Amino acid sequence: MFSIFQNASPYAYDIEAVDDIFQTGKTVDQFLIGDEVHRGGMATLKQAFINNDSSQSILLKIPRVGKDQPVDNLICFETELTILKSIKSPYVPRFIKGGNLAKNPYIAMERIEGISLEKVLQEQKPFSIEKSIVISLNLLRAIQDLHSQEVIHLDLKPDNVLINENNDIYIIDFGLAHHARYPDLLAEEMRKGIGSAPYISPEQIVGVREDSRSDIFSFGVILYEMLTGELPFENPQTLNGLKRRFWAQATPPRALRQEIPPWLQEIILRCLEPYAKDRYQSATHIRQLIKEPSTIKLTERAERIRPLSLWANLKRWFRIAGYEPSPILRSEVIHEQAPIMVVAIDVSSDNQQMFERMQRAASNIIRVFPEGRISCIGVILSTPTFEGEKEIDSASGQFRGYLVRLMDWAKPLNMSLERISFHVFESLDPATKIVEFASDNDAAIILVGASRYIPNRVVPWRSIMTKVVEEAPCSVHVVRL
Amino acid sequence: MIKDMSQKRIAFFADVHSNLEALETCLAHARQEGATKFVFLGDLVGYNANPKEVVEHVMQLVDQGVAIALRGNHDTACFEDYSTKMNPEANLAIDWTISQLHKDHIEFLKNLPLVHQEDDQCYVHASAFQPESWHYVNDGLSAWRSAESSGKIYTFSGHVHEQSLYYQSSVGKLICFNPRPGDSVPTGRHRRWVAIAGSLGQPRDGSPKANYLLFDSEEESMFFHRISYDHLQAADKVLAAGLPESLSRRLLQGK
Chain S
1 MFSIFQNASP YAYDIEAVDD IFQTGKTVDQ FLIGDEVHRG GMATLKQAFI
51 NNDSSQSILL KIPRVGKDQP VDNLICFETE LTILKSIKSP YVPRFIKGGN
101 LAKNPYIAME RIEGISLEKV LQEQKPFSIE KSIVISLNLL RAIQDLHSQE
151 VIHLDLKPDN VLINENNDIY IIDFGLAHHA RYPDLLAEEM RKGIGSAPYI
201 SPEQIVGVRE DSRSDIFSFG VILYEMLTGE LPFENPQTLN GLKRRFWAQA
251 TPPRALRQEI PPWLQEIILR CLEPYAKDRY QSATHIRQLI KEPSTIKLTE
301 RAERIRPLSL WANLKRWFRI AGYEPSPILR SEVIHEQAPI MVVAIDVSSD
351 NQQMFERMQR AASNIIRVFP EGRISCIGVI LSTPTFEGEK EIDSASGQFR
401 GYLVRLMDWA KPLNMSLERI SFHVFESLDP ATKIVEFASD NDAAIILVGA
451 SRYIPNRVVP WRSIMTKVVE EAPCSVHVVR L
Chain L
1 MIKDMSQKRI AFFADVHSNL EALETCLAHA RQEGATKFVF LGDLVGYNAN
51 PKEVVEHVMQ LVDQGVAIAL RGNHDTACFE DYSTKMNPEA NLAIDWTISQ
101 LHKDHIEFLK NLPLVHQEDD QCYVHASAFQ PESWHYVNDG LSAWRSAESS
151 GKIYTFSGHV HEQSLYYQSS VGKLICFNPR PGDSVPTGRH RRWVAIAGSL
201 GQPRDGSPKA NYLLFDSEEE SMFFHRISYD HLQAADKVLA AGLPESLSRR
251 LLQGK
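These protein sequence lines map, in sequence, to chains S and L.
Counting along the first sequence from 1, when you hit position 23 you're at 23 in the working numbering, and nothing is skipped either side.
Counting along the second sequence from 1, when you hit position 98 you're at 98 in the working numbering, and nothing is skipped either side.
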């Protein structure tokens with residue numbers, strides 16, 4: 001290897017035998033080292049305690065270093081240390097402390113009660129459609145949370161997803177991740193396309209590390225696997241085998257399992273598109289579509305029932321022979337360029353003037369963002385019942401009436417179904433519902449109508465609008481007559 | 001109070017270019033952030049309207065033993081003929097600057113070192129590779145040359161007016177990273193780093209905010225700050241001094 005510095009590698013220092021430092025029973029910083037939990041190729045996991053307090057469950061991750069170990073272990077370890085430290089998410093183990101890289105490298109983190117999705121898959125695959133959907137929604141929520149913090153995981157696979165009995169999801173192992181705010185230590189690595197063969201996106205294979213849509217591809221592979229028990233592009237061991245995903249079409253999931261609904265196949269196959277620009281652009285979007293399958297625009301992807309013929313696949317091979325990845329789209333750009341606008345409409349009122357004013361405001365805002373999407377929500381103030389908040393029975397005539405009103409409201413906007421969705425909720429506290437919906441979907445802006453001013457009436461609680469403005473996670477545009 | 005933080009936080013000011021408003025604002029900010037040592041990475045003068053005040057301020061800090069100053073090409077132009085090496089505006093500004101400075105000031109600039117090395121750090125105006133030739137560090141290769149010549153873990157410089165941070169990858173190559181303002185960027189000692197502080201007195205990336213760099217040598221992290229200051233006043237002074245109007249516009253537009 002061409003060496004420019006006297007010590008070309010930053011990892012050329014001598015490190016004491018790590019196994020000695022972290023022996024069970026020893027104390028490192030404030031951590032008492034417990035038993036080994038797992039020994040992987042890159043790192044060892046050990047249980048640890050602070051001050052003999054066994055109630056707090058801590059995991060130490062210790063990289064495997066030494067003369068016989070590849071230097072990649074340390075780069076990935078340093079990457080994980082930097083990125084895990086910065087993430088604040090309920091879907092990621094909490095970072096507690098990191099050791100000095102040159103003396104006693106370790107990461108102390110919260111120990112999650114859960115088993116890997118890989119293990120669950122081995123025992124139970126394929127999953128029922130319902131279970132796959134529940135896990136997908138939770139996984140997408142977690143991915144969305146990472147992307148909103150400018151982190152791209154780049155190694156999403158069932159091994160790196162922990163799941164508990166409530167189907168709560170935790171994403172682990174950030175050794176290959178990318179964070180837009182830190183130097184990318186894995187950039188310009190000699191060996192391109194580090195990742196896991198079945199799950200890695202085509203653009204990662206050619207060395208792109210900054211596109212959040214790579215995680216969307218990996219999600220597609222995981223969903224495919226949960227539903228069919230198979231891998232869409234198998235587990236290739238050579239670079240040429242890896243490159244098959246540049247052009248080959250995966251066997252349609254419905255060919256393997258007929259009961260998979262066409263809309264779900266549409267979602268999976270769109271996530272697996274070789275060009276990032278052809279996939280769904282954000283985890284939020286997929287999540288919304290899965291929740292409202294009727295809004296999914298079905299294409300030829302949904303119709304496929306058998307694998308492409310050899311000849312048809314060959315034609316694709318010629319077409320994509322010189323694969324060039326799509327221009328990179330960073331997650332923060334998606335948030336800015338393809339924002340979600342939540343429009344909260346008072347469906348129980350008849351204020352036509354306000355409806356029109358809100359239509360104009362919405363259409364003006366969305367015009368600026370050709371990739372933007374609108375979620376129209378109508379929240380109906382329910383009369384108190386003992387059940388508290390409830391979703392309105394979707395079959396009820398009242399519910400459909402409200403939905404039709406939302407759709408009527410949106411008609412003049414002329415938006416394709418891909419870009420607009422409709423949701424009706426009943427709640428004792430509409431403002432909270434609106435705010436929850438906005439934060440759940442990572443909305444960039446909420447559009448609400450100003451409260452009506454009713455003379456001589458003392459309202460003991462804050463108006464819905466005031467509460468939304470105060471508690472919203474994003475900008476709020478108040479439309480006033 | 002400040003003594004408590006000992007010598008761990010160092011503020012780097014590059015290309016101050018006689019901008020007193022920006023200097024005072026950044027100094028105050030850096031002190032608030034716990035900086036106890038200040039390094040001036042060259043080009044104290046040139047372009048803007050307060051050469052005398054800036055030089056005197058820096059002389060004072062150096063006298064107090066809290067600052068180190070390096071010499072840049074604009075400082076050198078005050079006592080050597082650089083007229084063929086700089087653009088017409090810069091030359092005009094230098095002629096005017098010389099007319100404003102006393103002999104002591106010029107003497108101070110003349111005696112500034114080109115390179116200063118301390119612990120595992122090297123400070124230089126342009127590149128540590130042939131510092132007298134003022135090479136720009138603006139890509140991986142030029143950063144590598146500078147790091148290789150300095151021989152230190154950390155090389156801090158200016159000359160290029162935009163902030164950037166070059167880091168040593170696992171194969172040895174230096175890779176450019178564009179830090180975001182105010183972020184804490186981990187810069188561990190097991191790698192080599194070339195940091196460009198960005199221009200304090202004449203930002204050129206489209207934002208009028210002043211650039212400066214704060215380094216925490218114990219935490220091993222760097223903060224690339226962008227600071228709002230009274231750039232309107234600084235721009236007005238440039239006009240009032242009779243300097244080219246374009247130099248005043250640069251401060252307003254940051255380019």
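Hint data in this document are derived by calculation from the structure and do not stem from the laboratory.
Computed from a predicted model, the values in this text were never measured in an experiment.
We put the CB at the ideal spot given by N, CA and C, even for glycine.
Be aware that a few hints might be false.
Stated by the list, open to error - Within a straight-line C-alpha distance of at most 16 Å, the following computed EDC-like cross-link-like pairs (lysine to aspartate or glutamate) qualify:
1. K119/S with D184/S
2. K255/L with D120/L
3. K411/S with E356/S
4. K103/S with E219/L
5. K85/S with D183/L
6. K85/S with E56/L
7. K173/L with E356/S
8. K85/S with E219/L
9. K103/L with E53/L
10. K209/L with E53/L
11. K97/S with E219/L
12. K291/S with E150/S
13. K291/S with D184/S
14. K52/L with D119/L
15. K103/S with D183/L
Unchecked claim - Here are the computed distance ranges between Cβ atoms for each label pair:
16. G182/L with P327/S: 49 to 59 Å
17. K103/S with P113/L: 27 to 37 Å
18. P327/S with G206/L: 37 to 47 Å
19. N91/L with S416/S: 38 to 48 Å
20. D278/S with S207/L: 45 to 55 Å
21. V37/S with G34/L: 35 to 45 Å
22. N87/L with N104/S: 25 to 35 Å
23. N178/L with H477/S: 31 to 41 Å
24. L137/S with N87/L: 33 to 43 Å
25. Q122/S with S228/L: 51 to 61 Å
26. H477/S with S207/L: 21 to 31 Å
Right, here's what the structure says about each hint:
{"no.": "1", "hint": "K119/S with D184/S", "in the structure": "violated (31 Å)"}
{"no.": "2", "hint": "K255/L with D120/L", "in the structure": "violated (34 Å)"}
{"no.": "3", "hint": "K411/S with E356/S", "in the structure": "holds (11 Å)"}
{"no.": "4", "hint": "K103/S with E219/L", "in the structure": "holds (15 Å)"}
{"no.": "5", "hint": "K85/S with D183/L", "in the structure": "holds (13 Å)"}
{"no.": "6", "hint": "K85/S with E56/L", "in the structure": "violated (43 Å)"}
{"no.": "7", "hint": "K173/L with E356/S", "in the structure": "violated (59 Å)"}
{"no.": "8", "hint": "K85/S with E219/L", "in the structure": "holds (14 Å)"}
{"no.": "9", "hint": "K103/L with E53/L", "in the structure": "holds (14 Å)"}
{"no.": "10", "hint": "K209/L with E53/L", "in the structure": "violated (21 Å)"}
{"no.": "11", "hint": "K97/S with E219/L", "in the structure": "holds (14 Å)"}
{"no.": "12", "hint": "K291/S with E150/S", "in the structure": "violated (25 Å)"}
{"no.": "13", "hint": "K291/S with D184/S", "in the structure": "violated (35 Å)"}
{"no.": "14", "hint": "K52/L with D119/L", "in the structure": "violated (32 Å)"}
{"no.": "15", "hint": "K103/S with D183/L", "in the structure": "violated (26 Å)"}
{"no.": "16", "hint": "G182/L with P327/S: 49 to 59 Å", "in the structure": "violated (28 Å)"}
{"no.": "17", "hint": "K103/S with P113/L: 27 to 37 Å", "in the structure": "holds (34 Å)"}
{"no.": "18", "hint": "P327/S with G206/L: 37 to 47 Å", "in the structure": "violated (22 Å)"}
{"no.": "19", "hint": "N91/L with S416/S: 38 to 48 Å", "in the structure": "violated (60 Å)"}
{"no.": "20", "hint": "D278/S with S207/L: 45 to 55 Å", "in the structure": "violated (36 Å)"}
{"no.": "21", "hint": "V37/S with G34/L: 35 to 45 Å", "in the structure": "holds (40 Å)"}
{"no.": "22", "hint": "N87/L with N104/S: 25 to 35 Å", "in the structure": "violated (53 Å)"}
{"no.": "23", "hint": "N178/L with H477/S: 31 to 41 Å", "in the structure": "holds (32 Å)"}
{"no.": "24", "hint": "L137/S with N87/L: 33 to 43 Å", "in the structure": "violated (60 Å)"}
{"no.": "25", "hint": "Q122/S with S228/L: 51 to 61 Å", "in the structure": "holds (57 Å)"}
{"no.": "26", "hint": "H477/S with S207/L: 21 to 31 Å", "in the structure": "holds (27 Å)"}
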